[in-house]
Amino acid sequence: MDNRTQQSADAAQTAGSTSQQANNSPISTQLEETIRAIQARLGNSPDLVVRTYDLINRSARVAAVYMTGITDRGMVEDFISHVMSFQALNDGAMLAVTPEEVHSYIKENALSIGKEKLVKDINGLLEALLSGDTVILINGLGEGVSGSTCGGEVRPVTEAGTQVAIRGSKESFTETISTNIALVRKIIKNPDLWTETMKLGDITHTDITIMYIHGVADEETIKVFKKKLQEIKVDSILESGYIEQIVEDNKYSPFPTLYNTERPDSVAGNLLDGRIAIFVDGTPFVLIAPTTFFMFFHTVEDYYQRYDISSLIRMLRFVCLIISMYGPAIFVAALNFHQEMIPTPLLINLASQREGVPFPAFVEAVMMEITFEIIREAGVRMPSPIGQTVSIIGGLVLGTAAVQAGIVSPAMVIVVSLTGISSFATPAFNMALSIRMLRFVIMGIAAFMGLYGIAIFTIMLIAHLCSLRSLGVPYMIPMGPFVPENLKDTFIRSPISFMKLRKRLQTNTGSTSASPKGASKRKSDER
Amino acid sequence: MNAKGLLRLIAIAVILMPLGGCWNSRELNELAVVSGIGMDLVPETDEYRVTFQLVNPTSTATSASPGSGKPGVVVVSATDKTMFGALRRASKHVTRQLFFAHTQLIVLGESLARSGINDVFDIFERSHELRLNSAILVARGSDAASVMKLLTAVESLPALGLVKKTQNTSRVWGENRTISVFDVIKGITGEGDLTINAVKINGDAEEGKKNSNLEQSETPTKTMMNGLGVFRQGKLLYWMKDSEARGTEWLLDKIEETVINIDSEYKKESIAVNVIYSRTEVRTSMEGGLPVFHVTIAEEGSVNETDSFVDLGNREEILKLERELEKQTRDEVMQAFQKAQELESDIFNFGNELKRKNPQVWATLDKDWGRLFAQGRLDLHIKGYIRSTGMSLKPYIPEGK
Amino acid sequence: MRKEVVGPSQLLAMIILFELGTAVLVPIGLESGHAVWLSVLFALPGGVLLYLVFAHLYLQFPGQIISGYTRTILGPWLGWPVSLLFLPVLLYNGSRNLREAGDLLITASYDKTPILIINSIMIIAVMYILNKGIEVFARTAEIFLWIVIIMGCICILAVIAAGLVEYKNLFPLHMSDYVEALDSAYPSIWIFPFGELVCFTTILPQFSRSRKVKKTGMVAVIISGCLLSFTHAIEMAVLGENLYSRTTFPMFTTITLVNVANFVQRLDALVMLTLIIGVFFKLTVYCYAAVAVASDLFKVTDTRRLVIPAGVVMLFSSFVSAQNYSEHMNDGKAFLETILPVFCAVIPILLLLIHLVRRRFGLYR
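Chains as they are written, first to last, in the UniProt record's numbering: chain W, 1 to 527; chain D, 1 to 401; chain L, 1 to 365.
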């Protein structure tokens with residue numbers, strides 16, 4: 001832990017020095033001046049608290065500075081009373097004291113609490129203050145002692161909201177980075193679980209921590225990734241999505257190349273596979289890299305349920321992927337171009353349904369799809385009780401009414417709702433969104449060229465997927481390039497004893513032949 | 001990754017896409033789905049009169065629009081020198097483009113069949129819409145148009161109804177088999193001749209067009225499967241019925257299931273044997289310049305009914321029944337074979353078999369095959385087995401009746 | 001830029017898709033009648049040997065494509081023009097595949113769409129994938145091999161389940177059939193599709209494990225030969241010799257006959273998809289080969305710049321070269337009998353022989 005804090009201090013130092021070098025100045029020896037400078041820099045914010053103390057017959061003036069709201073009240077009181085405790089001990093005995101003496105006392109006492117550090121300039125001081133530290137300033141000395149009293153209102157660890165598992169841990173990440181890291185550490189109790197911290201965002205100074213298992217994750221990948229992160233030049237990082245969009249290898253691709261999760265067990269599982277996790281302060285969504293296409297269709301629960309059930313469910317998800325991407329497109333293509341493909345009774349049935357529908361099938365499909373998207377979006381943004389009402393009203397009333405009014409055919413409603421529901425079966429929301437977007441493109445192509453257009457577009461799409469890389473790892477691994485070993489855990493989930501999970505854990509020394517999965521990844525990299 | 005090149009390609013694709021738009025795009029409600037085609041010959045002009053049965057989607061019963069009491073099909077006809085010409089000429093009568101990919105049934109009129117059918121099927125091979133696996137029937141004693149116009153009970157599409165009728169009777173009775181355009185083309189191009197299922201109208205064809213025909217429990221006018229039409233060189237020669245027709249199917253190895261009534265000791269044709277499996281093997285050879293057809297039929301059946309006494313618990317009795325079954329089968333097969341010989345029409349594909357096995361010999365026989373076939377000898381072996389006797393052994397009928 | 005590499009399984013997938021490409025769709029080796037499946041098997045050993053020639057040449061000159069070692073073996077003055085001749089052959093043969101695909105699509109479904117549009121959409125996809133590089137292409141091939149296998153299995157199962165297969169159509173084989181089969185195997189089936197593997201001489205230099213090159217290729221050629229033979233046997237068994245020889249696309253006709261329980265029917269779309277995928281990969285390999293030869297001969301460093309010109313040439317020659325399908329087929333026959341054998345078999349074998357002689361007698365300076 002010491003290691004980490006040291007690094008974070010360094011990072012803070014560097015971040016500070018790059019951003020506001022112009023205003024940086026050493027802490028003045030005059031206490032009042034320093035406090036004024038702080039207040040000026042913070043724009044006289046009312047949440048800045050300055051408590052001054054006169055010690056030993058007014059021979060020394062000491063001020064404790066902290067921000068309310070982001071500090072823990074009890075910890076602040078503790079800290080202050082603790083570092084000042086020499087006052088109580090020596091009251092009366094001493095007549096005067098020099099700032100140096102006060103400083104050494106305070107340092108000593110603060111040390112016993114831990115997490116103390118010295119700040120020497122205004123920027124460092126502000127950095128500490130805004131991180132929730134309490135800073136003790138001593139009149140006559142150009143140096144302050146800060147102690148971590150970080151706290152304030154935090155959301156407790158609750159059940160995951162977006163990635164629900166029937167079986168498995170109910171914990172999910174919170175907005176506090178230290179809590180999040182601790183949640184993972186609680187799962188992987190291993191000294192090789194390494195973290196590195198940096199601050200990003202010229203204005204927000206957001207804490208970013210990358211975590212990996214030393215010896216399992218690929219050193220080269222980590223180096224590349226760290227370099228990428230350090231090169232980031234932005235004002236603000238408000239959510240891990242910012243990092244995701246900046247770091248992505250291919251910005252023109254509709255597909256996400258970084259995975260995000262709010263489940264600690266999912267992060268742990270991926271770390272064990274040799275991946276890197278990126279924690280961002282202020283968001284419960286942790287990024288995972290490198291990512292492959294098939295990861296988006298796996299959930300942690302696949303590993304908790306029995307393998308046969310999990311395998312079937314996985315395959316079901318891939319079926320859903322195909323339905324949600326191609327459903328309406330194939331329907332439109334069959335209806336407009338390939339009527340001979342439809343079995344006769346079905347064709348007659350469809351024909352009688354479409355009798356009197358005033359729109360071409362494509363327009364009908366687009367209309368219904370857009371309606372569905374509207375209902376979905378409205379349902380998401382509404383508070384949850386209303387959201388359900390919106391979807392019920394939208395789905396049932398609109399659908400039924402549209403059919404009864406003869407504006408759309410019932411078959412189209414079935415196809416659209418099936419695709420809609422299928423797209424929710426993709427566990428990763430960002431992937432589901434990409435697919436949903438592509439669905440419209442494919443529908444358009446189907447309306448222009450039928451099945452031929454769909455086929456050519458699919459070839460191009462798969463070629464595009466094959467050309468993607470996430471941190472240098474081919475996106476379509478293990479299908480293209482083909483890695484038979486990894487097939488055990490792609491479309492199906494083979495029994496755990498087949499997958500040599502233990503082996504991955506044990507080989508934590510050396511970096512090249514760390515894990516079977518990591519090794520195969522590198523091998524495929526070379527292709 | 002060359003992002004610029006990618007964007008350029010996408011731009012080209014997007015620009016090209018609308019160009020490709022809609023050439024082949026047809027909405028379902030711009031199509032008239034043809035469920036059946038009837039073909040007749042207009043003798044005076046030597047033109048085809050083609051009759052189409054079109055599905056009327058609004059009156060087909062679905063949950064969305066309950067059947068409206070109008071007939072499920074609309075029938076139009078057109079006349080032209082070629083099939084395709086007639087297909088397109090029909091546009092004068094119909095509001096929508098005819099769509100043939102779902103044609104279930106082709107009916108040939110008797111007059112067309114008699115004057116020769118060899119050259120009408122090219123369009124089925126050539127067109128991507130018309131299918132080779134549409135079923136085919138010959139109208140017995142009427143033109144194809146009146147068969148097409150006839151409405152059927154139960155099925156809303158008469159053409160589909162006829163196809164199902166063929167399939168149904170082929171499966172359980174065995175005088176017919178499902179014959180598709182593909183089979184007919186194979187018959188025409190192969191050696192030997194062919195048979196096509198016959199369909200006959202019972203009752204007044206005019207009445208059958210009306211919906212009122214269906215508003216009775218027994219429809220006065222209806223279609224009925226009626227044996228096989230025998231063709232020679234593509235021309236209809238003869239109608240086979242009953243046991244002749246079944247004998248033909250037997251020789252062609254197309255019997256799936258059938259019923260044979262055999263004699264008991266006390267009463268003629270009183271035991272119904274349901275043949276549930278039958279397999280025919282054919283070999284041909286030449287003996288003294290004449291062909292000999294070695295046919296082996298193995299059939300298995302179960303006794304489903306006895307109307308007179310027979311002790312089915314007795315193995316001897318069963319063996320007797322088996323011999324009887326073989327005898328009945330032999331009768332039917334011989335009837336069919338003799339008829340075919342009489343017509344000099346090799347409807348059993350014996351010629352194909354000979355050619356396949358012995359192409360050199362065939363080359364010398366090719367021209368004269370019809371005559372040789374008529375003089376050929378049938379070497380018939382039948383093995384009949386009775387596998388089960390149902391849920392009872394002895395019937396309740398007392399012995400001696 | 002990083003050197004692009006192709007792994008063994010990717011080479012395997014590419015060769016299989018390339019071999020099956022159009023050869024499963026059009027009737028091949030018409031002279032052999034119902035023994036067509038046998039002629040494919042007869043031609044297979046020749047195909048394997050031919051591949052070994054290509055592989056051996058590659059191993060002798062690793063890192064060089066065919067135009068490169070032609071110049072080394074024959075000397076620059078003779079080698080350069082000979083290599084140049086490959087260019088029109090590759091482009092024309094590629095465009096023939098495009099034409100066949102376009103024609104099938106038009107006859108099967110898109111009868112009112114101009115062939116220009118159909119073909120240009122295909123060629124755009126080819127340009128797109130080649131723009132991404134051979135590595136991406138190889139990976140895509142790997143994925144599509146699975147898709148093609150799955151679709152092929154569905155088609156074959158459907159045909160068998162529909163009870164259409166009549167083995168009587170394949171047997172018996174008489175002596176004359178064997179002779180005919182051998183006759184149509186050499187050279188016509190030997191050259192199309194096996195001889196066309198000459199394109200892979202331009203891909204082999206990207207192969208990652210040169211020690212496995214012979215084994216991988218042989219396995220791929222044998223697998224594709226067997227699949228080809230099997231498919232044509234099924235087609236022949238279903239259609240019979242007569243119809244098989246008359247129909248333009250036997251596989252398509254075969255699948256239209258399928259009807260299992262009145263439900264599994266009308267699988268034409270699957271055949272169409274197989275065709276599109278097969279032709280696409282074949283076309284791309286041809287296009288890549290042409291681009292590689294051209295960039296080698298004219299010393300163009302960025303091969304991707306030649307992709308668009310090559311594609312456009314192929315597109316236009318695909319529908320300018322013949323007015324109708326019959327003319328196309330006649331041209332194809334002449335091409336297959338005269339020009340193609342020279343470039344697919346004669347030149348490579350001669351190259352190998354000259355190389356062996358020169359090396360034996362130390363004639364390389």
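Since the hints were derived computationally from the structure, they do not count as laboratory data.
Don't take each hint at face value.
[Said to hold, decoys possible] Listed below are several chain L residues computed to face chain W (Cβ distance under 7 Å; list not exhaustive):
(1) 142
(2) 227
(3) 229
(4) 230
(5) 280
(6) 360
Just so you know, even glycine gets a beta-carbon here, dropped at the ideal spot from N, CA and C.
- Query: When the nearest CB of chain W is found for residue 142(L), is that gap smaller than 7 Å?
  - Reply: It holds, given that the least Cβ distance between residue 142(L) and chain W is near 5 Å, below 7 Å.
- Taking 7 Å as the limit, does the beta-carbon of residue 227(L) come near enough to a beta-carbon in chain W? Where the cut-off is 7 Å and the nearest Cβ of chain W is about 19 Å from residue 227(L), the hint is violated.
- Item | chain W contact restraint for residue 360(L) - C-beta distance below 7 Å | violated (36 Å)
- Message: Hint residue 230(L) vs chain W: min CB-CB distance below 7 Å?
- Response: violated (23 Å)
- Go through the hint on residue 229(L) and say holds or violated, using the shortest Cβ distance to chain W against 7 Å. With a minimum Cβ separation of about 25 Å from chain W (threshold 7 Å), the hint on residue 229(L) is violated.
- Any CB of chain W closer than 7 Å to the CB of residue 280(L)? The hint holds - residue 280(L) has a Cβ within 7 Å of chain W, the shortest such distance being about 6 Å.
This entry does not satisfy hints 2, 3, 4, 6, going by the numbered hints stated previously.
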